[in-house]
Amino acid sequence: MLAGGFYRALLSKHYSGPSRTVKVVYSSRTGTSKAAAGRLKDTLESDKIRAILLPVEQYSYEELCEESYLVLLLSTDTDGTPLPGAKGFTEQLRDAVYDFRVDKNLLEKCKVAVIGFGSEEYPAKHYCKVAKNCDDWLAKLGAQRVSPLLCISDTRDVEKQVGRCIDLIRKAYARLDAEPTDQRTADLEDDVESVGSEESTSDTEDGDVEDASGACGSSSNKEMVTKKHRAALTREGYRLVGSHSAVKLCRWTKHQVRGRGGCYKHSFYGIESHQCMEATASLACANKCVFCWRHHRNPVGRSWTWAQDPPEEIVDGWLGNHAGMIKELRGVPGVTPERFEQAKRVRHCALSLVGEPIIYPQINTALDLLHQNGISTFMVTNGQFPEAIRSLIPVTQLYVSVDASNAKDMKAIDRPLFEDFWDRFIDSLTALKHKKQRTV
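Here the sequence shown is numbered in full-length UniProt numbering, starting from 1 and rising by one per residue.
A hint or two may mislead.
[Claimed, not checked] Straight-line C-alpha distance at most 27 Å; calculated DSSO-like pairs for lysine-lysine:
1. LYS34 x LYS104
2. LYS125 x LYS411
3. LYS140 x LYS109
4. LYS48 x LYS23
5. LYS41 x LYS132
6. LYS433 x LYS411
7. LYS435 x LYS265
8. LYS265 x LYS140
9. LYS436 x LYS265
10. LYS408 x LYS436
11. LYS140 x LYS160
12. LYS48 x LYS171
13. LYS104 x LYS23
The set of hints was computed from the structure by calculation and includes no laboratory data.
Build the full structure now, drawing on both the sequences and the hints.
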């Protein structure tokens, strides 16, 4: 009997099937943490570790007591709050920590790792706050960390950061049974330091979105749009101009070239849509609006920290790329030779494509160049840069986007980087009121 038990143990030691089951639980709004969770699951399973993937909405706090291995991937919303789907779980976890009736060794059998997702462009006190809180609460309930708390910022290359985190967790599971708990705890302190220093010095050009705060090795010579970002924008139909500008053919321009009617500018102001060019001088913005068609992966920043392209090159690039896109409409059904020739001559520019064009430091020069070419201008701003509004030269029409009627709703909809976003918005409306020009 003893011999049989010995051989069974020996066989189990070399068994190629899953050695443990890990729950991988995530909260996600844009899909970033969900994709990372799926990638982690695949990696663990390639190491013969069974993994179960669950959104936090389908995970109950009560299940924690039964867990042996758990990885949480948690995103942080505006003001350091959890996403709506994670609110119940985080509140129950917090309540358990401060409930004197709950055993503080409740989770002593649970080996856990926490990965936080956030943006370093928000105030530091909010960065990955949900993950930091949960990591702290789990430890206070006796859970054993198998890796340090890992934080991922969308201002740097997310894929590389995720890869490093997965590698750390992978190594942590590999050594789980090889080292005493005390030694693992000591190693975690080193890992925290190495992750932080490695990320803070990373300055790759391949990232989806680069750091705009200056906190991670960025400089004023850094380009706003990286190679990977440029490829994604090009696939979406944008024509990139220089390192921070773009132009795109509006669907109303295509419609009117084909004789199918124009947009409101034609109805209200007599502007022919097929002679309108839509552009931006800055692809970066100070908001992360929930309705943004850039899928929340556009550059963000509270000030200009990138290299600047000359305004002459930007305007020439806009006009040249716009002309190229118009030429592609030759031969399209409904396009008449007369409208096609008219469309080649830009008469109006809508600076409303994406991002926040008003933060480009030389925007006034770019506007002057457009006006000198007989091109009228509509400028749209998100109302977070009142001083830029005050210093802006007159345009044909100046807009401030009003996305909500109160601070609470605006915070939820625009997800602004500025903590004083409402004051900035009100100040922008005040600045708009005093502009001696047509405003909306």
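Find the hints from earlier in the document that the structure breaks and name them by number, from lowest to highest.
-> 1, 8, 10 and 11
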